[in-house]
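Undergrad: Spelled out from the first residue to the last, the chains are:
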Amino acid sequence: MNPIASLRYHWNVNLLGRAILRWQRIRAQRRPPRWDTRYLAPPLKVGARMKELVGRHWLAGRYTKGCRKVAWVTSGAPVELLKALDFYVLYPENHAAICGTARVAVEIASEAESAGYSRDLCSYARTDIGAVLSGKTPVGRLPRPDLLLACTNICQTVLYWYRVLAHHFRVPLVLIDTPFVYTEEAAEHAVRYVRRQLEEAVPLLEKAAGKRLNERRLRQAALLSKRASELWLEILQRCRHRPAPISVFDQFVQMAPIVEMRGEPATVDFYATMLREVDERIAGGMGAVRNERKRVLWDNLPIWYRLRYLAEFLARRGVAVVASTYTNAWGELAPLIDPDEPFESMARTYIYPILNRGTGHKLATMKRMVEEYQLNGAILHSDRSCKPYSIGQMDQRDRLIREVGIPALLLEADHNDSRAFAEEQVATRLTAFVEMLGE
Amino acid sequence: METNTPAIPSRTETIRGFKEAGGKIAAVLPIHYPRALLRAFGLLPVEVWGPPRVDSSHGAAHLQPYVCSIALNALSFLLVGGLDVADCIIVPHACDALQGLGSLLLDFISPRQPVFPLYLPRGRRESDLQFLADEFRALYARLERITGRSPTDADLMKSIRREELADGLLAELHRRRPSLPLDDLAFYRLIRSREYLPAEAFAELARSVLETPPTDSSRGVPLILSGIVPEPMALLEAVARMGGTFVADDLACAGRRLYPPGDSEDPFRRMAERILNGPPDPTRGSPIAERADHLIGTAHKTGARGVVFYIIKFCEPELFDLPLLRRTLQEAGLPSLIVEVDLNDPLPQQVLTRIEAFLEVVG
Ligand code: SF4
Ligand code: SF4
Numbered sequence: 005m006n007p008i009a010s011l012r013y014h015w016n017v018n019l020l021g022r023a024i025l026r027w028q029r030i031r032a033q034r035r036p037p038r039w040d041t042r043y044l045a046p047p048l049k050v051g052a053r054m055k056e057l058v059g060r061h062w063l064a065g066r067y068t069k070g071c072r073k074v075a076w077v078t079s080g081a082p083v084e085l086l087k088a089l090d091f092y093v094l095y096p097e098n099h100a101a102i103c104g105t106a107r108v109a110v111e112i113a114s115e116a117e118s119a120g121y122s123r124d125l126c127s128y129a130r131t132d133i134g135a136v137l138s139g140k141t142p143v144g145r146l147p148r149p150d151l152l153l154a155c156t157n158i159c160q161t162v163l164y165w166y167r168v169l170a171h172h173f174r175v176p177l178v179l180i181d182t183p184f185v186y187t188e189e190a191a192e193h194a195v196r197y198v199r200r201q202l203e204e205a206v207p208l209l210e211k212a213a214g215k216r217l218n219e220r221r222l223r224q225a226a227l228l229s230k231r232a233s234e235l236w237l238e239i240l241q242r243c244r245h246r247p248a249p250i251s252v253f254d255q256f257v258q259m260a261p262i263v264e265m266r267g268e269p270a271t272v273d274f275y276a277t278m279l280r281e282v283d284e285r286i287a288g289g290m291g292a293v294r295n296e297r298k299r300v301l302w303d304n305l306p307i308w309y310r311l312r313y314l315a316e317f318l319a320r321r322g323v324a325v326v327a328s329t330y331t332n333a334w335g336e337l338a339p340l341i342d343p344d345e346p347f348e349s350m351a352r353t354y355i356y357p358i359l360n361r362g363t364g365h366k367l368a369t370m371k372r373m374v375e376e377y378q379l380n381g382a383i384l385h386s387d388r389s390c391k392p393y394s395i396g397q398m399d400q401r402d403r404l405i406r407e408v409g410i411p412a413l414l415l416e417a418d419h420n421d422s423r424a425f426a427e428e429q430v431a432t433r434l435t436a437f438v439e440m441l442g443e
Numbered sequence: 005m006e007t008n009t010p011a012i013p014s015r016t017e018t019i020r021g022f023k024e025a026g027g028k029i030a031a032v033l034p035i036h037y038p039r040a041l042l043r044a045f046g047l048l049p050v051e052v053w054g055p056p057r058v059d060s061s062h063g064a065a066h067l068q069p070y071v072c073s074i075a076l077n078a079l080s081f082l083l084v085g086g087l088d089v090a091d092c093i094i095v096p097h098a099c100d101a102l103q104g105l106g107s108l109l110l111d112f113i114s115p116r117q118p119v120f121p122l123y124l125p126r127g128r129r130e131s132d133l134q135f136l137a138d139e140f141r142a143l144y145a146r147l148e149r150i151t152g153r154s155p156t157d158a159d160l161m162k163s164i165r166r167e168e169l170a171d172g173l174l175a176e177l178h179r180r181r182p183s184l185p186l187d188d189l190a191f192y193r194l195i196r197s198r199e200y201l202p203a204e205a206f207a208e209l210a211r212s213v214l215e216t217p218p219t220d221s222s223r224g225v226p227l228i229l230s231g232i233v234p235e236p237m238a239l240l241e242a243v244a245r246m247g248g249t250f251v252a253d254d255l256a257c258a259g260r261r262l263y264p265p266g267d268s269e270d271p272f273r274r275m276a277e278r279i280l281n282g283p284p285d286p287t288r289g290s291p292i293a294e295r296a297d298h299l300i301g302t303a304h305k306t307g308a309r310g311v312v313f314y315i316i317k318f319c320e321p322e323l324f325d326l327p328l329l330r331r332t333l334q335e336a337g338l339p340s341l342i343v344e345v346d347l348n349d350p351l352p353q354q355v356l357t358r359i360e361a362f363l364e365v366v367g
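Protein chains in written order, with the numbering used here: chain A, 5 to 443; chain B, 5 to 367.
Chain B on its own, in the form it takes in the complex (with noise of 0.2 Å):
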């Protein structure tokens, strides 16, 4: 298949290009957060998935060897400097581990950028959104003493707009996936650049490709990729080249965070009703149910034949939600894999040839 991969600018040409223009940069761990609110003072979301290929051994000094990856190599990036250039690191509690990393950053490793852990409610109730909208107005009032700025309203508005946008074109990208001219690295590198370019770059981006002509659909077999990230992205190549296609994925880094724009005029509220009306998130308190629906109802829309479950290992979130998941999808005829990763580890080939025999079995 022709893959016209469109120009992505690195991570760090991003940070760089945004910091001479007087922005500064916020460092921010997995999974969800209100990136109009820091774009609004200023400040560059730059996440933080892992990243693999650090030396993990400086945040093995900290952490025990049952901690998942991402919050061992985040700490370890870290430690080796990766997050110097940052003004401030954002840590979401998505987990027992995000919230034990948060509170060790803030206790006992002191980095030289003030940290601002936010708590996630795990309902969806109103008690929910007022919590998360207060959370949001503590964190506006934090970012207000480290940058001196005080946005309005309606510049907040202005930023979540922007926001609003970005992911509408996200949606759009995912929607079309199927007929896009890019492989599944390309298409992930390209909605991953989410994770650190500003909305309105993003944008631009999205906009280039969804106008290129739509191509020839048939890639492999469908498959939907569920889980955390899809790291090493060495995975993508070697499931097309075994004749599989990821046509959606159920991932914490993309598809969970379709966020849909929200409802409120008040700025705070709006950006809350947005996080927790995003698609179904064990992170988030979501019932097996509605995730089983969801990936079914993916399934059906995109005519996927299975679905694999890439999991980090140590990720209790995921893997408590596994048994009875599989079994719902099984009994609506969608079978699954199971696959545990290390971020640490290169791809291992017992993954692939379990993948690849689950290809022959499902295909």
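So here's chain A without its partners, still in its complex pose (with noise of 0.2 Å):
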């Protein structure tokens, strides 16, 4: 480690920028709301904090060099054993999402294009090829790798997007590679594969970090993994209030810490206070949607570039989008996190999340939000370059309409590239969906 790097990194990230956000925090909790507050509840207050936890995440990026080992991982990815080692942790899903919110996603991912990569594939991959060949990225800079782990438990296209990577960067590249469940439950050999992995990556990562695992700190990152997604998994079922404290779309924006700063305190504290004030919400009686005449479920990944046009598009009728099976998968598998036992459990949490189930497992999810929920209907946003997640879709929707008897939309779309949003289309299908849902 070099003191000089630790110092700059020191002042820059723990005085100066610690103090710099701070007062922008407390300058955005001034600023009146963006979004139309005649429909929608005002924004979260925790959410300006949240933006400050984001922002020095990303700021300790910028001054990683020579003080902090980082690695890029998926973000199914067994983040805890990186967090034992001190890596600082970037996932590239979450900044190509950060990139997808601000707006700049369709330009990143075109430099991609121009170097070769398809239009087909993967709009998050294509956003981060794209921030890495042409260094454009909304949060200053990216700092390189010295280690990519990929965990196959999202998708297989993390992993040839990871290869990429490692072959642009010549940095190892460590695979936990996850058996798709196809049944209700993970055969033995599989999880005990994933095991065998976790085992085998550790003196991989520790050379990378250039330092010895210590027990005693894994199992304290487990134990900050398991707390924050038991609170996330809280507050996401908080929403089964009528009317609903906060909306799917508010998720979409709070998930940033749960996704990218697990096994942190300060993810901990974050959704406690992020609890209280969905509390108070309940307490007050206010509804994400104010006039809360309808709800629905969202499926797959958000529209990033259109959240805040969908969120008063449907709060303008009356319709709160309250669950998702999108943000729900990082709190479902809280359970199954044991500090004590943090291998065998991170080989059972981590071989389990939806997107590594199948095509039955989401339906039968999807079913059950929309009872304990109470349900009216649900949008599908068949993701053209997210296939995992999108395939299964048109049988999923027919059933919930004929099985459950609610109106469904297939609603098609991206959830990074704009371009394969035709708005007037899909206010047309929304409006149609809306009338469906009835009075």
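Simulated from the structure, these hints should not be mistaken for laboratory data.
FRET-style restraints, in silico, Cβ to Cβ:
| # | chain 1 | residue 1 | chain 2 | residue 2 | range |
| --- | --- | --- | --- | --- | --- |
| 1 | B | Val89 | A | Lys215 | 58 to 64 Å |
| 2 | B | Glu241 | A | Arg433 | 41 to 47 Å |
| 3 | A | Asp342 | B | Gly172 | 46 to 52 Å |
| 4 | B | Asn348 | A | Gln429 | 20 to 26 Å |
| 5 | B | Ala238 | A | Gly409 | 48 to 54 Å |
| 6 | A | Lys215 | B | Asp157 | 42 to 48 Å |
| 7 | B | Asp297 | A | Pro207 | 23 to 29 Å |
| 8 | A | Arg433 | B | Arg245 | 46 to 52 Å |
Cβ-to-Cβ under 10 Å is the rule here; a few derived chain B residues that face chain A:
| # | residue |
| --- | --- |
| 9 | His97 |
| 10 | Leu105 |
| 11 | Gln134 |
| 12 | Glu139 |
| 13 | Ile292 |
For every residue, glycine included, the Cβ atom is placed at its ideal position computed from N, Cα and C.
Reconstruct the complex from the two isolated chains, following the hints.
TA: Structure, rendered in structure tokens:
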């Protein structure tokens, strides 16, 4: 470790950066809300805190050179190992989502497309590769990775994508391959395989980190992950209330820390604060949608570049989107994490994300949510460049209509590529859907 | 060039003959699976690469338009009864599209035959090998249930050796390709019969071709064909007419399945070793550099002057590698061309024009 680099890191991140971000938060809290509060509740107060937290995370990334090792990881990766080894952890998917919400994803992805990456590829991957090739990013600068960790529990796409990164950066790529769970239970040999890979990864991670893994720190990271995931799940479950205190669009906005900062005490604090605010809303009878008439489900990734448009469009018609298979994915596995048995429980936890499970399981999850959240309909975002999440939706929609008796809409778009979003067509389809929800 | 096309039994004939002899049929989707295991249970694997020219509207009721035509056509073919002859369906996990298809079959479509998904690990580590061997053990247990048979280790080893022999001859066909008396179309008809012929029948056919005297090897500008499957096969004729020839391939249905013999005396490990030690393949997680080395090495061996990447639209495993792979090939003096196709389109003129232009450049 370089002492000057450490000093620079400490000064820019912990002292100066912290002060500036806090000041920005205070200013943000005073700014009038940017969305239409005739139909939507004002934004969560905790939102400014989230921006501060996430801002610090990205700021820290800019000063890692010479003082912290950097790992780029997939969103479903067993991050606890990296936290215990003190890596600065960067999630390219999250960075891509930030580019999506900042509406610069297309410009950045075009850099990858000009370099030959097809427009049919996952738009997160294109955004990330475009950022790597061009240096363009709304977060200042992306630190170069010392290590890549890809876990296939969300898709195989991440492995193709990370092979590109490995080739580009010439750094080791550690793979945690998680066999897809077609049936209710993962086969024991599949869990064993994941566990073995986790154990085999340790020396590779230690080598890149330049230090030995400390079991106590690993248990601590697992505990913090578990606690944050539990709080997140509790927050989501508060949406069973009528009116729902927050909407899925709020969840999309507030989910960054649970994805990219699991295993950190600040994340636990943040979600504890958010839960308190959500409870205050419930106590005050405040709903995310002012005139909540109908409640619906969202399936698949968000459409990052049109969150506000969709939230307002639906809220104006009294429709609250209150549950989502996507945000639920970061909470539902909390009970499986056992800090006392980190390797065994990581193997079991990381094999079971919804994206690593069958199309029937996803339908069952949706049906359960319809019941638990008393939903009147479902919007299934058919995400052009995310095949693993989207395949199955045509049958899932039909079953929701036939077996559950609710209207279900397949909405064609893309999570990060606004060129796949036809606003007029979306508006027509949503209008027809809202009509089907009835009075 | 004179072409002595051997008489290759058709799929229909082969299936009928095998069934009449008391055998059963396993319909198998792309790409890697343990042929020997199926045969030990009296099941003949018959592969389903699409196929082209089916009414894809049936599959389109379940799969969005951004899913590749291999998955779409396979599903359409099943829905129109094309797989009725099969006693079980094996769906290897090659990619997100086949993962989704396998899951759809199990959860929503429920064909009358049992569906067995098969997960393929994406590494080549000891843990990958152990897992794949275990995955084959799990498949063994399922096959036991549907066939009522329990082949012994010795039965399995016998079956493995039979496949290894056939694969050895397949590799020899690939190696001796420039001097074989077969044009590209005839060559691919021959080697693709491995997709449905029993190993012993394929071996016999391969031997008969290998025994014919070698011919003049100058057939046109030598190229490598990379991608999933050379469909429609009219491509091969068209390229020959334009003065090109494919002297080697890196196709999922062909060159990426030249499995070497295994070492282990444990049949499950041996079957796993064979697949994991096969040539580089993006669906098995091979690094881009390994693929580049393999293609450059193949070009040196065969004298190929360029690579045609014949890509099925929406095929992510292929598409991700291309920019870096092509750049590395270019740096090594091996130019390449990408054409994207859909199994449901006839060979578009535009694709041919581009290949023709490429031939002019490398020729
Ligand atoms: S958006 Fe879909 S395809 Fe892209 S990384 Fe996420 S899960 Fe994979
Ligand atoms: S063509 Fe590509 S995407 Fe389609 S099934 Fe084959 S490997 Fe998968």
